[in-house]
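Heads up: the protein sequence lines correspond to chains D, H, L and P, in order.
The UniProt record's numbering puts the first residue of the first sequence at 1, with every later residue one more than the last.
The UniProt record's numbering puts the first residue of the second sequence at 1, with every later residue one more than the last.
The UniProt record's numbering puts the first residue of the third sequence at 1, with every later residue one more than the last.
The UniProt record's numbering puts the first residue of the fourth sequence at 1, with every later residue one more than the last.
Don't take every hint at face value.
Copies of the same chain look alike in the list, so a pair counts if it works inside one copy or between any two.
Each computed DSBU-like pair below joins lysine-lysine, with the alpha-carbon atoms no more than 30 Å apart [claimed, not checked]:
hint: 1; residue 1: 143; residue 2: 193
hint: 2; residue 1: 193; residue 2: 101
hint: 3; residue 1: 172; residue 2: 60
hint: 4; residue 1: 199; residue 2: 274
hint: 5; residue 1: 274; residue 2: 172
hint: 6; residue 1: 329; residue 2: 199
hint: 7; residue 1: 274; residue 2: 193
Hints listed in this document are in silico derivations from the structure and should not be mistaken for laboratory results.
Below are the chains, spelled out letter by letter.
There are 4 protein chains.
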Amino acid sequence: MAGSTFGTLFRVTTAGESHGPGNVCIVDGCPPGLPLSVDDLIPDLQRRKPGQSRITTPRKEDDTPEILSGVFEGRTTGTPIAILIRNQDQRSRDYGDIKDKYRPGHADFTFDAKFGFRDYRGGGRSSARETSVRVAAAAIAKKLLHTAHGIQILGMVDQVGDIVADIPDVTKITLEQVESNDVRCPDAEAAAKMEQLIKDVRKQQDSIGGAAKVVALNVPAGWGEPVFDKLRADLGKAMFSLPAVLGVEFGQGFGVANTRGTGHSDTFVPEPGKAPPIATDTNRHGGMLGGISSGMPIVLRCAVKPTSSIPQDRPTVDKDGNATTLATKGRHDPCLLPRFVPMAEAMMAITLADHMLRQRTMG
Amino acid sequence: MAGSTFGTLFRVTTAGESHGPGNVCIVDGCPPGLPLSVDDLIPDLQRRKPGQSRITTPRKEDDTPEILSGVFEGRTTGTPIAILIRNQDQRSRDYGDIKDKYRPGHADFTFDAKFGFRDYRGGGRSSARETSVRVAAAAIAKKLLHTAHGIQILGMVDQVGDIVADIPDVTKITLEQVESNDVRCPDAEAAAKMEQLIKDVRKQQDSIGGAAKVVALNVPAGWGEPVFDKLRADLGKAMFSLPAVLGVEFGQGFGVANTRGTGHSDTFVPEPGKAPPIATDTNRHGGMLGGISSGMPIVLRCAVKPTSSIPQDRPTVDKDGNATTLATKGRHDPCLLPRFVPMAEAMMAITLADHMLRQRTMG
Amino acid sequence: MAGSTFGTLFRVTTAGESHGPGNVCIVDGCPPGLPLSVDDLIPDLQRRKPGQSRITTPRKEDDTPEILSGVFEGRTTGTPIAILIRNQDQRSRDYGDIKDKYRPGHADFTFDAKFGFRDYRGGGRSSARETSVRVAAAAIAKKLLHTAHGIQILGMVDQVGDIVADIPDVTKITLEQVESNDVRCPDAEAAAKMEQLIKDVRKQQDSIGGAAKVVALNVPAGWGEPVFDKLRADLGKAMFSLPAVLGVEFGQGFGVANTRGTGHSDTFVPEPGKAPPIATDTNRHGGMLGGISSGMPIVLRCAVKPTSSIPQDRPTVDKDGNATTLATKGRHDPCLLPRFVPMAEAMMAITLADHMLRQRTMG
Amino acid sequence: MAGSTFGTLFRVTTAGESHGPGNVCIVDGCPPGLPLSVDDLIPDLQRRKPGQSRITTPRKEDDTPEILSGVFEGRTTGTPIAILIRNQDQRSRDYGDIKDKYRPGHADFTFDAKFGFRDYRGGGRSSARETSVRVAAAAIAKKLLHTAHGIQILGMVDQVGDIVADIPDVTKITLEQVESNDVRCPDAEAAAKMEQLIKDVRKQQDSIGGAAKVVALNVPAGWGEPVFDKLRADLGKAMFSLPAVLGVEFGQGFGVANTRGTGHSDTFVPEPGKAPPIATDTNRHGGMLGGISSGMPIVLRCAVKPTSSIPQDRPTVDKDGNATTLATKGRHDPCLLPRFVPMAEAMMAITLADHMLRQRTMG
């Protein structure tokens with residue numbers, strides 16, 4: 001049932017499979033007058049695409065977007081913006097095995113249970129390929145947020161396996177620091193270890209999980225709704241809508257379970273010059289109180305599972321429930337985290353753009 | 001902006017503040033013919049209400065629901081079901097302090113930033129009082145799910161402060177075990193320690209955080225949508241829409257960050273008699289693959305922050321940003337977890353009922 | 001399936017049946033700070049309620065609304081406003097006949113076909129009783145529109161049977177003129193004939209149809225969306241959502257079928273002082289071009305069928321499809337038009353309030 | 001603000017302008033397993049496209065659709081179906097005049113009032129070009145409705161200027177009869193006169209309005225919601241969302257204004273073999289009672305205004321509100337009706353498909 005649209009006022013609808021003609025998004029609700037061209041979409045698509053470094057899948061996808069509507073003479077018109085990214089590098093190959101056998105950890109079985117049959121080429125609709133048009137849509141959201149409020153959104157890898165980055169202040173990290181290594185971890189020392197670990201697990205025909213942080217700076221106080229559409233709730237949904245995410249936490253996150261009230265609540269302090277002139281001395285709350293932005297940086301963290309595609313022969317079942325074995329062939333990321341960073345930024349941006357427009361209705 | 005509705009087909013809309021005349025919900029989309037009376041709503045409302053035990057707030061709320069529509073001759077008619085719970089025990093008191101000063105950790109400041117002013121009596125719309133009508137609505141969802149598929153939903157406290165329960169198999173826990181102590185932790189030994197800890201922090205005029213697990217049994221394979229409306233994403237939003245939740249994880253959760261693919265993916269195995277006749281040998285995936293239910297138990301865990309209301313004098317600011325101090329008076333839970341359990345079950349039930357109806361459109 | 005909500009940003013959700021405990025609406029999305037009290041809701045409820053004059057049903061309903069939430073110290077808080085109108089004057093009577101036999105022209109049969117069974121007391125959910133809470137919700141919308149833009153909405157009866165009012169300029173009619181007679185027709189001469197006709201058909205145990213016009217003044221140019229959510233489309237849906245409406249037309253309406261382009265298109269003319277300084281010399285377009293408001297008065301007309309409830313014995317069928325006869329007892333309006341006027345104004349107001357908020361997102 | 005999506009469960013989102021790269025739709029919610037190929041989309045696109053006969057615009061558009069997703073091995077997969085129709089025949093020309101001057105009857109002025117600027121080439125987003133992808137989407141809806149319930153949808157021209165067709169029984173008309181002449185009027189004699197009238201007004205550099213009927217056969221009783229989402233209300237919105245529609249009526253339509261209850265209500269009669277075994281002897285109600293389908297044919301009628309584009313020099317204003325004159329150049333339909341027929345069928349089909357899926361949630 002119709003579940004391919006995200007957002008209430010800044011609405012992103014996507015369509016497309018990994019091995020069909022292409023992926024499309026329609027961004028409906030972007031205000032008019034925002035300068036926009038294809039060039040604005042390229043940088044984040046480059047960060048998301050496969051084949052960008054030695055630790056991502058060597059699969060090549062060109063990811064060239066075409067804007068089909070909603071932009072005239074270099075500016076958005078306020079009408080829906082459709083973006084098409086055609087699929088390429090679709091090697092003709094034999095999918096016979098995964099057509100009838102269920103890959104462990106993948107959505108093959110659940111798609112069949114839901115729809116009765118599925119496009120078994122690659123991941124079909126469940127492939128991370130679908131996120132390409134989310135990233136394209138989010139480039140518009142990022143530009144809108146930055147133009148209107150100077151908002152900056154930045155993701156970074158925080159953990160790969162047992163290696164945890166040392167990031168004293170996530171709000172001070174720059175895009176350059178993140179992009180300075182293939183892992184997208186701003187702690188250069190940890191990044192080197194992570195890269196080695198990723199290469200090791202690939203050599204061992206295995207994969208590895210990790211975690212990423214995403215930060216949004218300059219979000220004004222007052223965004224988000226009090227009850228169901230808390231900014232926290234919509235950001236949580238946004239992150240869990242990305243492939244492979246099994247955990248999301250804000251601010252102090254799961255650490256609050258073992259924290260006392262005196263150790264958790266941040267203290268409000270005067271901050272002359274800010275509007276309103278109020279801040280908190282610490283940011284354990286992660287930028288939202290009661291689900292509404294506090295004017296402090298929004299900070300969240302996602303746990304990402306290890307790639308399920310592993311070239312080892314593993315036991316599984318076929319469509320009829322008979323025991324069998326299967327080795328996932330093809331070219332896959334041994335660790336999803338480096339390419340997850342722009343995807344998570346994208347969902348943060350789309351969610352914030354939606355709530356920016358929602359807040360405008362306050363008048 | 002209109003953010004008080006949850007769900008697409010099983011839609012719950014709430015209204016109400018903590019100290020106004022009452023709270024209301026309208027449940028739109030419940031199929032006709034479900035046997036329903038006020039008695040169905042009482043048990044979970046009793047579990048949620050304040051004053052139920054020595055470790056919750058002594059504040060008394062009667063929480064008597066009235067069904068205003070949508071039920072005729074003991075059955076739902078298919079038209080919207082409105083439920084009213086009037087507020088009582090509203091002590092007339094002086095709210096002068098919290099009218100102009102911002103309580104640390106509360107939504108007072110962010111409400112003012114959003115709306116310009118607020119109902120400052122109690123938490124107003126951000127009070128946990130609002131969850132009473134969610135719990136009432138969820139009693140309908142629970143009955144619908146159980147009648148149609150035998151689905152059972154059960155929450156339990158998993159952690160309070162540094163005390164973590166030992167629950168070998170969450171899918172085997174019964175409601176009786178959960179309700180056997182005031183903490184709602186099925187590990188009796190841990191429960192006793194948790195209860196003592198809660199009493200201690202209260203004595204110290206402090207509060208304490210914790211974590212709860214929620215389990216849904218018998219959810220058929222195939223519920224949830226592939227992309228934005230993943231079952232995982234909607235459950236994530238559901239949980240984060242509850243007060244005080246700073247983290248949500250499914251299955252292996254944050255543990256996946258330090259796990260290899262070979263250590264995470266569950267193995268599909270034949271399970272004759274099940275429809276389809278397939279299961280996984282373990283349930284590290286938490287009951288959803290690609291965002292779609294796998295037929296295995298759905299298992300999630302939430303981190304809940306310590307109550308922000310503490311009767312200690314703490315520094316803060318007033319509405320104009322001037323430094324001041326404030327002690328939160330009133331009667332509050334030193335630990336939210338015991339009463340959080342039915343709230344989390346409620347949001348699980350509402351979300352599953354929605355996806356149950358969505359799956360029916362497959363035909 | 002969940003269809004009891006109207007609007008995107010100014011959202012009205014209703015619940016309730018004619019003979020249950022009461023009707024409820026939740027208005028979600030009303031901006032904060034609007035002065036509001038129960039007194040604002042009374043006047044239009046009085047205009048809608050039964051028993052107000054000699055040509056409406058003598059049935060008495062008290063229609064006293066209670067605001068349950070969303071208003072604090074005399075102003076809206078920005079949170080949802082719930083309004084309850086309890087049912088009264090529910091004579092205990094024998095519904096045996098209409099329980100099993102289908103009243104011609106009523107929704108009894110279609111409700112059974114949809115839901116399998118129904119609340120057969122009165123019209124249940126299909127009763128015009130449900131519109132009481134729409135009218136209450138619309139009083140808020142009217143006040144919001146008038147406060148923000150000086151918008152005025154006025155309905156009037158244009159036709160009853162073969163008597164058509166002579167209204168030279170609908171934009172000049174006042175509320176006083178409309179309310180000066182029981183029919184709510186500003187042409188006093190026609191009104192007198194209409195009243196006589198209504199009395200005649202009642203005497204003949206029959207009923208009569210008619211038409212009403214609704215006008216909105218001072219709607220700024222630019223409201224409405226280009227494609228599906230044209231203002232015209234949403235107003236059309238709004239009117240067709242009212243009981244008994246079988247036709248809706250804007251501006252020249254069905255007259256355009258026999259009109260040439262040179263005879264239809266209104267000419268743009270300078271109008272200094274207006275913003276933008278442009279008007280049309282005539283208003284055959286009815287205030288919207290391309291589905292977007294033009295700054296000219298919005299004018300629409302609705303055709304309303306004669307009441308289906310007639311105290312004559314008529315042939316029909318029972319639930320099993322056997323031929324039988326039935327006379328509709330009870331107290332009914334011989335002509336719906338006088339009470340339809342405030343209902344139509346209500347849906348106009350709710351729709352415009354929604355698009356007013358939508359336009360704010362343009363920035 | 002995001003208004004480019006229609007439907008709740010069978011959701012159609014469109015994007016595109018008349019002179020940009022192309023138009024796109026995403027159909028989300030189509031159930032899996034429906035046989036579908038591009039060939040299914042062609043026939044109605046041919047009926048809609050310009051240049052098809054001597055009485056439509058000679059402008060040529062190729063209208064070749066490409067299915068980008070959601071179909072695999074000849075069947076729908078249940079995932080969103082994206083369809084792209086590229087624009088062609090975009091003569092490079094001088095748009096200088098309509099860039100700064102407002103064409104009477106067009107949306108130029110209201111677009112500028114809404115968005116601040118617009119794509120002034122052709123009608124941009126308000127062009128009937130946008131309906132091409134609606135017609136493509138509707139071909140899927142038609143196939144779904146026909147496969148599941150044998151539903152047939154057929155539109156026909158009923159009036160052009162003062163020539164009204166004589167159609168004794170709209171439910172007996174065939175597609176062949178409609179397509180037997182260029183006007184799409186099943187009354188051959190009237191069709192000939194209409195064709196002559198259209199040629200005459202074109203010669204006179206004028207245009208002419210008209211009306212069309214749309215019929216849906218075999219819609220089961222029980223579709224539609226009782227209150228806001230009445231089937232009648234959603235069909236009304238659907239029709240008013242099409243360009244140039246100023247009036248919509250169902251069944252007896254505006255005729256009810258001068259009809260008595262005894263002359264309007266259709267009589268329920270036994271109809272053995274039907275499920276349920278009940279029909280009405282006449283169909284003045286137009287197939288819906290209380291907004292819910294009755295199992296009788298759904299019959300509606302739309303009034304369509306004369307094309308606003310006329311090659312005569314007419315007075316108007318420029319963007320600054322200065323008086324000026326303008327003659328609309330380009331190639332336009334002198335009468336919209338022949339091409340309106342497939343557009344109206346399309347919106348009927350999309351609306352019914354949505355309510356078909358909604359009814360499935362009843363269980």
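Structure versus earlier hints - violations, ascending order: 1, 2, 3, 4, 7
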